[in-house]
Amino acid sequence: MTRRIVKGILIGAALLFFLVPIYWIVATSFKQWPDIFAIPPKFIFQSTMLHYKALFNLDLEEVAKFGQAGKSLFPPRFVNSIIIAGVSTLLSVTLGTFSAYAFSRFRVKGEGDLLFFILSTRMLPPIVVGIPFFVLYRTLGLIDTHVGLILIYMTFNLSFAVWLMKGFIDEIPKEFEEAAMVDGYTRWESFVKVVLPQALSGIAATAVFCLITAWNEFFFALILTSERARTAPPSIAAVQGTSGINWGQIAAGVTVFLFPVVIFTFLVRRYLARGLTFGVIKR
Amino acid sequence: MKKAILLGAFFLLVLSGVAFGEQVLSVLSGEYTPGHWIYELAQQDFTAQTGIQVKFDFVAWSQYTDKILVTLSAHDASYDIIIGDSQLLGAAVGGGHYVELTDWLKENIAFDKLAPMPQKLYGEYPADSSRFYGVSGVLDVPAIGYRKDLFGDPAEKEAFRVKYGYELGIPETWEQLRDIAEFFTRPEKNLYGLAYWPAKTFDAVTMGFQPVMWSFGADYHAPDSYEVEGYLNNDAGVAALEFYVGLMKFAPPGSENYYWNECTQAISQGLVAMAFQWGSWCEGFVNPATNPQYYDKIGFFPFPGKRMEDGSIRRFATHGGQGLNIVTYGKNRDAAYAFIKWWCSEETQKKYMAMGGVPILTDLLNSPEFLDAKPYNRAMAEGFKVVKDFWTIPEYAALLEVTQKYWSAACAGMMSPKEAMDAVAKEHTQILKEAGYLK
Amino acid sequence: MKKDTGGMYQKALAEYRLKIYFLAPTLLVLIVMNVFPLIWSLGLSFTNYSSLMSKRIAWVGFTNYSRILSDPFIWKYFQTTARFVIIAVGIEFLLGFGLALLLKEQFRGWGLVTTLILIPMMLSPVVVGLFWTFIMDANFGLLNFLLGLLGFKKILWLTNPHLALYSVAMVDIWMWTPFIMLISLTGLLAIPQSLYEAADIDMASWWFKFRKITLPLVSPLLVLAVLFRVIDAFKMFDLVFIMTGGGPGDVTETISMSLYRLAFNKFKTGESCAMAYIILILIIALSNLLIRWIHRTKTA
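Residue numbers (this note's numbering), protein chains in the order written: chain A, 1 to 283; chain B, 1 to 439; chain C, 1 to 300.
Heads up, some of the hints might be wrong.
For lysine to aspartate or glutamate, the following EDC-like pairs were computed, each having C-alpha atoms within a straight-line distance of at most 20 Å [claimed, not checked]:
#  : chain 1 : residue 1 : chain 2 : residue 2
1  : C       : 153       : B       : 188
2  : C       : 11        : A       : 183
3  : C       : 76        : B       : 389
4  : B       : 120       : B       : 372
5  : C       : 154       : B       : 188
6  : A       : 71        : B       : 45
7  : A       : 65        : B       : 296
8  : A       : 7         : C       : 105
9  : C       : 76        : B       : 419
10 : B       : 55        : A       : 175
11 : C       : 19        : A       : 35
12 : C       : 11        : A       : 175
13 : C       : 19        : A       : 111
14 : B       : 350       : B       : 372
15 : A       : 174       : C       : 15
16 : A       : 109       : C       : 15
17 : B       : 388       : B       : 188
18 : A       : 65        : B       : 40
19 : B       : 55        : A       : 62
20 : C       : 19        : A       : 178
21 : C       : 19        : A       : 227
22 : B       : 331       : A       : 227
23 : C       : 11        : A       : 178
Worth flagging that the hints you see were computed from the coordinates, not collected in a lab. These numbers come from a predicted model, not from an experiment.
Can you build the whole structure from these sequences, using the hints too?
Take a look at the structure:
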């Protein structure tokens, strides 16, 4: 019993640590301008929807009073973010699972080197590959296109997806598929019907990570796009009016932008927890 | 397979060509209100006059340089005009990225009407060469905002006179500013004298300190050469930094990371009696919506100076803001010229001024319409008379990195002002030697 | 007999095809998207190319490399980065794995709690940097206010030169502990329950089960999580850039901050590519150590 209480307290403390700053962001999005900077900080305040209206261009006149010029670009960029992050996540998880399976189950020549090469994409700071990518993309006509950003996010996440999925698939005992193949399944069938269901928790975790990375990517979204394909992150944190950083509207943007990922994570949570269902001793 | 890839690439190329084909003037700007004003004005006015469509890409300041750099170095045709920082002039001109405007300006616009100092600083490269690669765009100098209610309070005035022996008012010299800051520093009431710029972020401490340094009589280098030792770290330079670091005692605790946003916050919190601010962000001090408690209690004065032996005051103001530059690779060069011509016309500038912008023409800058339009405009106009710039040579970033590092360290008490000035002089000398400016 | 070998051959061929189909797309994408920038920047690292300035590129051999390696400041920034990586990833590992152990057994509201804990990771680093600067403000920040309630004095989180790096590390910990937590948790949940049941029959102690079952089975994934965190923390840039700009002085100047200045402020593209390759080699060496460790834990 005491163990359960201690555990409860620890989990509660962790929740506090992780969530109080989040609460603060969300609260900021409902605060009136002066309350945001109040000394001491305000926990009880009169809430306003102004920052959300500003985000979606609903009350331009009221917003202008706060020194905010121009329209918010959030809505179209939010849509771009959903398309680009969604498609790239789907692609990198799919390709990543396939190749992770191949690396895990087949003999691949120079496997270690290949895996390492795959990882090297992630090691170069994006700053350095920015210019070559720009040149490559201009030659291919991919500047300011959805396809361009999808490709780059997919690449960036692939290394991660391959490695992580290989980690998960390695954990699934080979005996499962072998047994299935003895029963007459082809390799492909046993992959789909035996391995995939076992790997669901890994796939879910990988998808969550890939989505988060693509969703928040900043640098390439800025330099490889100008108008049609730009995603939301470069503009969310940039909201400034004559009165300086518009914290309320940034907080509102962050809050709205957080929703799709939180919902996605919540939806896949049961796969995260699923784990292996068979109880076979490994290897 | 290969053919298919080539075909696909070709197809994409054709597609993108079609998309870029329409005649739209494309402008890259930092994310700030003046940029939005120009955009709005251009949509109403420029498009109506010329039939040319305009689109602006507003980029957050923290990524502004990255975006410009990648665009220019890839010789990208996405933008026809860049509203660019003056520090970038050296590098952009050296690389051939900006179109030279010297002759065109003289033939096509009333060049003499442009306010001369800003035009030199935003457009001329190399300095004093009379060659121009841009025109004034968004003019900016810092001013200091102060609490009129505190400065005007009879009890405070009396107490100040007793303590310092002169009248409390707008400070003319840095020493007076120091006295006032000291006077209003009352930690027990959570009130401090001054919010200023000691931060490492961006160019904060350099922008704040250099007018002090100049007015004390030091400079980055000798007047006629790039000799640094003895000009930057002479007695005047060290005294200036000692003074600047000393102001920290009258600033709110933990304000070593303050720059323009933090100063606006400090004013709206009633935390300080005075605060540094760029002209283009002064609106935040007096906007009733964002500063409801103090908006009507804020006045402005230009940066103080140092009293000379003849009784005059030597003042300087840091140069800020951006110029309009035509990009070499843009596809709509005629439209870009038309835009600059439109921008420099008196009519446009009057409209821009009416929106709240700072006009780039001498007559308008000195007109009562401008001076009285905003409470900070007079302080800014004073500043424009004594504006001075940091380096514009391509090495500016390396030099700036050094000043930011050591001056912010001095403000945080990590090294003495003397050590900081000597270290800056030493590293600046090395950078300038390597670049060939110094033997 | 003959028929049988034919079937084997058929099967082997099918397997081979499947292997190619599974691997080819990934490798193709990576080769096209990866090799070009890698070679490009490797080539530039031996030149004096400046993305903004020079029209003519000259070959300079290893000058860029020797210049960087002989710069005392770069070594200082490497040390700062190493300190940051060790502290941040170390604590993330302990907290993340500890949390995963706590969350291993499901309870009511488990899904919600897990999702909520993951939220910090879902924010963009720029936003995290901005709001933590806000929270860590000495005068009106939430953190000092809460500590004030407990009787603490004002702490100058970001401006005290002795504290600034740890404050940034704390934000990194806040943001990325959930990452380690999630990977460890999926690893823990994948351990077959029967192993514990068997150990229970033997009346094994908690510690024994942890050491002999939990740790060996979860460690490959755990090391992998640490590997990714080390790589990313080594490259960490946004948090420092937004929160301190590397200051005060240069106490929070990390190696990627310095690389950023070289590439994007000083326009020294060639030199910055050389520096990126030095960082790359270091990260490769580090990752190799960690990957070896993964293999060791697997064979052990």
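Subject >> Straight-line alpha-carbon gap residue 153 of chain C to residue 188 of chain B, limit 20 Å >> reply: 14 Å, holds
Original post:
Is the hinted pair residue 7 of chain A and residue 105 of chain C satisfied, with a Cα-Cα distance of at most 20 Å?
Top reply: 11 Å, holds
Original post:
Is the straight-line distance between the alpha-carbon of residue 19 of chain C and that of residue 111 of chain A 20 Å or less?
Top reply: 13 Å, holds
Original post:
For the pair supplied as a hint, residue 388 of chain B and residue 188 of chain B, is the alpha-carbon distance within the 20 Å limit?
Top reply: 39 Å, violated
Subject >> 20 Å limit on alpha-carbon distance, applied to hinted pair residue 19 of chain C and residue 35 of chain A >> reply: The hint is violated at about 60 Å.
Original post:
Are the Cα atoms of residue 350 of chain B and residue 372 of chain B separated by 20 Å or less?
Top reply: Within the cut-off at roughly 14 Å; holds.
Original post:
Is residue 11 of chain C within 20 Å of residue 183 of chain A, Cα to Cα?
Top reply: Roughly 15 Å between the alpha carbons, so the hint for residue 11 of chain C and residue 183 of chain A holds.
Original post:
Holds or violated: residue 65 of chain A with residue 40 of chain B, Cα cutoff 20 Å?
Top reply: Holds, at about 16 Å.
Subject >> 20 Å limit on alpha-carbon distance, applied to hinted pair residue 11 of chain C and residue 175 of chain A >> reply: Holds, at about 18 Å.
Original post:
If you draw a straight line from the CA of residue 19 of chain C to the CA of residue 178 of chain A, is it 20 Å or shorter?
Top reply: 16 Å, holds
Original post:
Would the pair residue 120 of chain B and residue 372 of chain B pass a check requiring their Cα atoms to be no farther apart than 20 Å?
Top reply: The hint is violated at about 26 Å.
Original post:
Between residue 19 of chain C and residue 227 of chain A, is the straight-line Cα distance small enough, at 20 Å or below?
Top reply: Violated, because 40 Å separates the two Cα atoms, which is more than 20 Å.
Going through the hint list in order, the structure does not satisfy hints 3, 4, 10, 11, 17, 19, 21.
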